[in-house]
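Enquirer: Quick note, the sequences are listed as chains A and B, same order.
Whatever position you read off the first sequence (first residue = 1), add 23 for the numbering used here.
Whatever position you read off the second sequence (first residue = 1), add 23 for the numbering used here.
There could be a bad hint or two in this list.
Intra- or inter-copy, both count: the list cannot distinguish identical chains.
[As the list claims (entries may be wrong)] In silico DSS-like pairs for lysine-lysine, Cα to Cα no more than 30 Å straight-line:
id : residue 1 : residue 2
1  : K50       : K86
2  : K84       : K414
3  : K332      : K84
4  : K489      : K463
Simulated from the structure, these hints should not be mistaken for lab results.
Each chain, letter by letter, is given below.
2 protein chains.
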Amino acid sequence: MSKDKKLVEAITSMNDDFAQWYTDVIKKAELVDYSSVRGCMIIKPYGYAIWENLQKALDAKFKATGHENVYMPMFIPESLLLKEKEHVEGFAPEVAWVTHGGDEKLTERLCVRPTSETLFCEHYANIVHSYRDLPKLYNQWCSVVRWEKTTRPFLRTLEFLWQEGHTAHATAEEAQEETIKMLNVYAEICENVLAIPVIKGRKTDKEKFAGAKATYTIESLMHDGKALQSGTSHNFGDGFARAFEIQYTDKNNQLQYVHQTSWGVTTRLIGAIIMVHGDDSGLVLPPAVAPTQLVIIPVSQHKEGVLEKANELLGSLSSRFRVKIDDSDKMPGWKFSEYEMKGVPLRLEVGPKDIEKNQVVLVRRDTGEKLFVSMDSLEETVGKLLADIQKALLERARDMRDKKTYTAASLEEFENVINTTPGFIKAMWCGGQECEDQIKEKTGATARCMPFEQEELSDKCVCCGKPAKTMVYWGKAY
Amino acid sequence: MSKDKKLVEAITSMNDDFAQWYTDVIKKAELVDYSSVRGCMIIKPYGYAIWENLQKALDAKFKATGHENVYMPMFIPESLLLKEKEHVEGFAPEVAWVTHGGDEKLTERLCVRPTSETLFCEHYANIVHSYRDLPKLYNQWCSVVRWEKTTRPFLRTLEFLWQEGHTAHATAEEAQEETIKMLNVYAEICENVLAIPVIKGRKTDKEKFAGAKATYTIESLMHDGKALQSGTSHNFGDGFARAFEIQYTDKNNQLQYVHQTSWGVTTRLIGAIIMVHGDDSGLVLPPAVAPTQLVIIPVSQHKEGVLEKANELLGSLSSRFRVKIDDSDKMPGWKFSEYEMKGVPLRLEVGPKDIEKNQVVLVRRDTGEKLFVSMDSLEETVGKLLADIQKALLERARDMRDKKTYTAASLEEFENVINTTPGFIKAMWCGGQECEDQIKEKTGATARCMPFEQEELSDKCVCCGKPAKTMVYWGKAY
Chain A
24 MSKDKKLVEA ITSMNDDFAQ WYTDVIKKAE LVDYSSVRGC MIIKPYGYAI WENLQKALDA
84 KFKATGHENV YMPMFIPESL LLKEKEHVEG FAPEVAWVTH GGDEKLTERL CVRPTSETLF
144 CEHYANIVHS YRDLPKLYNQ WCSVVRWEKT TRPFLRTLEF LWQEGHTAHA TAEEAQEETI
204 KMLNVYAEIC ENVLAIPVIK GRKTDKEKFA GAKATYTIES LMHDGKALQS GTSHNFGDGF
264 ARAFEIQYTD KNNQLQYVHQ TSWGVTTRLI GAIIMVHGDD SGLVLPPAVA PTQLVIIPVS
324 QHKEGVLEKA NELLGSLSSR FRVKIDDSDK MPGWKFSEYE MKGVPLRLEV GPKDIEKNQV
384 VLVRRDTGEK LFVSMDSLEE TVGKLLADIQ KALLERARDM RDKKTYTAAS LEEFENVINT
444 TPGFIKAMWC GGQECEDQIK EKTGATARCM PFEQEELSDK CVCCGKPAKT MVYWGKAY
Chain B
24 MSKDKKLVEA ITSMNDDFAQ WYTDVIKKAE LVDYSSVRGC MIIKPYGYAI WENLQKALDA
84 KFKATGHENV YMPMFIPESL LLKEKEHVEG FAPEVAWVTH GGDEKLTERL CVRPTSETLF
144 CEHYANIVHS YRDLPKLYNQ WCSVVRWEKT TRPFLRTLEF LWQEGHTAHA TAEEAQEETI
204 KMLNVYAEIC ENVLAIPVIK GRKTDKEKFA GAKATYTIES LMHDGKALQS GTSHNFGDGF
264 ARAFEIQYTD KNNQLQYVHQ TSWGVTTRLI GAIIMVHGDD SGLVLPPAVA PTQLVIIPVS
324 QHKEGVLEKA NELLGSLSSR FRVKIDDSDK MPGWKFSEYE MKGVPLRLEV GPKDIEKNQV
384 VLVRRDTGEK LFVSMDSLEE TVGKLLADIQ KALLERARDM RDKKTYTAAS LEEFENVINT
444 TPGFIKAMWC GGQECEDQIK EKTGATARCM PFEQEELSDK CVCCGKPAKT MVYWGKAY
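So that you can see chain A by itself, here it is in the shape it has in the complex (with noise of 0.2 Å):
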């Protein structure tokens, strides 16, 4: 039973210390372990299991517009990073090297990938030669490595996986149409999938990725007020197309540069769902994400027909929806307590009492609401109940967000506010850098994006009171 017990102790509340509430339930839900080697995550079953859901919703619809995956080398040779000096003044600092294969020193030291553009670019100039080449539409699932010298699991991690796509188009047109069409691609997986609201727009220079035009970002909030950058679709221009020589031959038989885009999102998402979903007894999963969607717990299970009833309706269940049955001889409570703790959306507790009335207990994960259920309509309830509970997580998260949207008209308020109420702050900007700056060292809130839906708070900007140009929404992020 000790083995049983460590599961049910509390963890820390996530008022108290969000923090520590976070890694309890990293732990706890067995989503991730530590290794012996530093910044990295063992990813266990249960959360590589979110992972394959979202991958799965992922690919379907990067297919399903059109694009094809690949596989590029992990490697970077240094001269090859080096071509495009925004791009390498952003990460050769960041970059793991190779120095060696074997007992040989090489030649040239080989960078592990912290994203791809490079080798995407070396690939896209030997293979696209004309108009009828484009566009390329690729993407690639893989790990990248990014030296960080603070870590947490999932938000930041030395190695963690992604998908970057790397597209190529003969306009510039076609590459901001790429640009957005896949930012909502991420905002609508996020909504409807993930159940967390996102704020769609577009990053200051200051903040956008090293050698983007421009780069679009999702944003999230979590429970404690943090902004979370959730996915990025960047618009190249024709910039690494002319240090790449990536050209083609148009209908006119005239030379022209390519227009590119790339766009990514992490396991950091993992780390979304935990923070804008979860509550004081431990993760509360999306059913759309949840490798277990229902888990059946009998009760009394010694008595006669308990547990045959309980695995006839594990096999019915099963054809539409993730279900299992924990048969083991832990106590129902504490069975309770820990797919509470791994956020399981429904439990359904089948007892002798049960049986004689043919009915089954449900649990709901994000309410706690009981329900009382015939054995007749359990598949066309379950199913009604998972839909409920999807939306009502997306609806609660986006309250939440709501209520932690502040706006400010000073920067006193805004110090105020950030200090005293963590959250979303909308505020004017008069678009120049040394305010960003100001903002940052004053409030610790960076520009999380200038939104795309624009709302006119006033006519200046929060920090100089010069005219303003845009609203950005500023916060503390991780």
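Add chain B to chain A, keeping to what the hints say.
Expert: What follows is chain B alone, placed relative to chain A:
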């Protein structure tokens, strides 16, 4: 047209120069490309789609047999790699070493995983405590790196994609059962999905995996008579458990070491598909892994009704098969060659005359057979033909393999056979490594495996003439 033409330029004949034929096929069927990273390959969309289909089949089988996917770090600290003596001797000479993170020199070098036994062992030591924690049945999809001197796409590359299963069990019997179970999974997938017949058997001590107690293998035979190790499954006994102190408390409260296995297949299997089924017109893909199972080529597509009908067929066939249409402005003849090169199992031609007769033309890639099929029974006929092709490819490959399998009673005969008619050579062996070494030196052949299905060809070792213990499949190998 110049670009179209390149596609149908004849490739080197496999009988003239098999290695060049292989290189021509992987290039012209657009499976891989090269980059500036020595020894690594770019897997292009068509090649990667084959890998995805293979992955899907394997992953479903792994899950059906109770395995869970996880993700381990890609780096291994040198001290961890050094923990199991035989293992490190096998791998240290061929690993890539990371010595710097950003500008900082690491206090301990990290190697890029050549395989992940050491990481799994460290993790198991942390999470396995009681017999209740066993078995652990984990699998990982990732890429690994081995610093090879000479490389060849799919067959031997510095980096390759694979899966590595790692399991821990309470008893030696369970570990042995798992080892054989997963070897059988590989054999089934090779035969049923890739249409490649394999010989199952055990590796000699000289050929086994570094650190394994026993290595089992599936060996297939390529068209040029060379063998390809196509998948391996290792029983580690408790060797790694002792080195990493992976212990559990059994039901009698006694401390015991776990018994472990590992097993893997790689992108090398794509090389096997090419070299087992391909011909002088290019790739020949088994329907079960073909990214496109049927390609529709409209004939006289500018004529009224042709494109409409072709798209109607696309729509109706797509729900059941992987179908694409090529309505580009290339000539039908060029298209025929292109999809032959790409090994698409079935080609469907439809033109004005066919539409009049309510029929289409189906052409099999494997036999060239041309069938006139009523549109009314099209779906059924396509299903049947794809099943026939899948079966025919396996039979043809088995015939080829059997024809190229020889026996040798003496070393002279062995030398003579392998130099005139390359293939598998079945010959008796005394079990001594001296003979194994001598055979390799004289003939270039290695012991591929000691097959489960033994035959008593004679009672004398083919090399030394002393009493024979085992029949061995020998061969030159990739």
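Enquirer: Take the hints in turn and mark each one as holding or not.
Expert: The hints, checked one at a time:
Proximity of K50 and K86 under a CA criterion of 30 Å is satisfied inter-copy only: 24 Å between copies versus 34 Å inside one chain copy. In the homo-oligomer, the alpha carbons of K84 and K414 lie at most 30 Å apart inside one protomer (20 Å), although the nearest pairing across protomers, at 34 Å, exceeds that limit. Taking the closest pair of Cα atoms, K332 and K84 come within 30 Å of each other only across two copies (28 Å); inside a single copy the shortest separation is 39 Å, beyond that limit. Only within a single protomer do K489 and K463 lie at most 30 Å apart by alpha-carbon distance; the minimum there is 18 Å, versus 83 Å between protomers.
Of the hints listed earlier, there is not a single one the structure fails to meet.
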